[in-house]
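Trainee: Given next are the chains, with one letter for each unit.
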Amino acid sequence: MSIQLQAEGLAKTFNRRTIFSGISLSLREGESLAVTGRNGSGKSTLLKIISGVLSPSRGRCFLKIDDREVPAASSYTHLGFVSPYLQLYDEFSGIENLELFTRIRGHQVPRPFIEALLERVNLAQRSRDQVRTYSSGMKQRLKYAFALLHNPQLLLLDEPTSNLDSEGMATVYQIMEEQVTRGILIIATNDAEDLKRTDRVLDLNSLAAEKGAATP
Amino acid sequence: MSSLWYASVTIFVKDLRSELRTRYSLNSLLMFVITTLSVILFSLGSENVSSDVLSGVLWIIIFFSTMSGLSRSFVSEEERGTVMTLQLTARPLAVFFGKLLFNTVLLAALNLLTVTLYLLFITNFVVQNYTIFITTMGLGTIGLASASTILAAIIAKANTKGTLYPVLSFPILLPLLLTVINATKMSVEGAAVYEAFSEFQILISYFIVITTISYLLFEFVWKE
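Note that the protein sequences, when read in sequence, are chains A and B. All letters in the first sequence, in the order written, are residues 1 to 216 by my numbering. All letters in the second sequence, in the order written, are residues 1 to 224 by my numbering.
Hints in this document: simulated from the structure, not taken from any laboratory. We put the beta carbon where it would ideally sit given N, CA and C, even for glycine. Be careful, since some hints might not be right.
To be verified - Residues from chain B shown here face chain A by an in silico Cβ test under 7 Å; the list is partial: (1) 7; (2) 14; (3) 82; (4) 84; (5) 85.
To be verified - If the Cβ cut is set under 8 Å, some of the chain A residues that face chain B in the computed set are: (6) 51; (7) 53; (8) 81; (9) 85; (10) 86; (11) 87; (12) 90; (13) 101; (14) 106.
All chains, please: the whole structure from these sequences, using the hints.
Mentor: This is the structure:
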């Protein structure tokens, strides 16, 4: 299954203030894009629009699987999302959260796979503790396990290394590398180290792509 | 089991487990019922109040306790920042039906407690026809839960959640409240079951209309 992301003339306006406009993108399997720009430039908003959580004020964004457009209502099944403002349930343990979202998606993910994911993000020891007892870095690592549960073909990472220690950052960079081999990776960041790891950059301040074209 | 139904049941079970651990709605609902009943008991004293008035008072307690507790189903997701997590994992309708199921079960349990306490402590309130009374409570509960669920989803996006909920709910719930009060009055007066059929028809129609509108509207409410 090959995936393609297409965005045409995206614009977003909040209370008559235009955050961005005229963004067009085309990404294919094996490609990665970093969205950068100063605070308030709309990096997170753009990622939310791509994920389908937010509607654009103008333009459209859609996924294609094997050259067939994926209905907007089911595009969430093909993507994973990690961001500081995405929250899991504090009153459940790490493993309970992952099992819950697996069931909500209607997937049958075996327990050993979930445990291996938790092991990978270095949370195996604390997997049965309630998320409310986790540090912010541990919560961020759990979000990676959540995002990778269904092997998404499109991975969206907003501030991918925020709250992480060096070990966590190394794991995230490895996840980013693997994602490019099996699908599309889009990150929103201003971190110079993160920016090096994608093959395209979309600067929302100038809307000009660096390191290659970010337009179709 | 279809994926929509399975996801809805999973969200319902999640809400139930979450509620049992956090007591997010349960405590406020229980406290409201107990304090309101106490105030009514004190204010009635030895007065001989008619069953008409007592039927209305019962539904006033149920209405306001619903207002104090059921909005939490969506507000808690909004406050905890888990709305986006649900948006990324579930179809909007699965969330709606999961929440509707949870609100119905919560309200049914609350109404069972309220009615039991009401029958125990308000001695003037004597039900003559239990068929009408139980049917009214059942239909009233599902109607109230379905309207409260979509209203809770709407007000969860607003800044003034606390005040907006009862204000927005009142005109929408008024036809339901008038009908259940009338049907409850009939059960207390000992009317025959066939006499309450028109009330039951209104309650069933109300539930169907509200659930259909919610089905059509929810995706828009949930996304923006």
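Trainee: Look at each hint and say if it fits the structure.
Mentor: Evaluation of the provided hints:
1. 7: holds, 5 Å
2. 14: At 6 Å from the nearest chain A Cβ, residue 14/B passes the 7 Å test, so the hint holds.
3. 82: Nearest chain A Cβ about 5 Å off; hint holds.
4. 84: holds, 5 Å
5. 85: Where the cut-off is 7 Å and the nearest Cβ of chain A is about 6 Å from residue 85/B, the hint holds.
6. 51: holds, 7 Å
7. 53: With a minimum Cβ separation of about 5 Å from chain B (threshold 8 Å), the hint on residue 53/A holds.
8. 81: Holds. Min distance 5 Å.
9. 85: It holds, given that the least Cβ distance between residue 85/A and chain B is near 6 Å, below 8 Å.
10. 86: holds, 5 Å
11. 87: holds, 4 Å
12. 90: With Cβ-Cβ at 7 Å, under 8 Å, it holds.
13. 101: Holds: closest Cβ of chain B sits about 5 Å from residue 101/A, inside 8 Å.
14. 106: holds, 4 Å
Hint compliance for this structure: no hint is broken.
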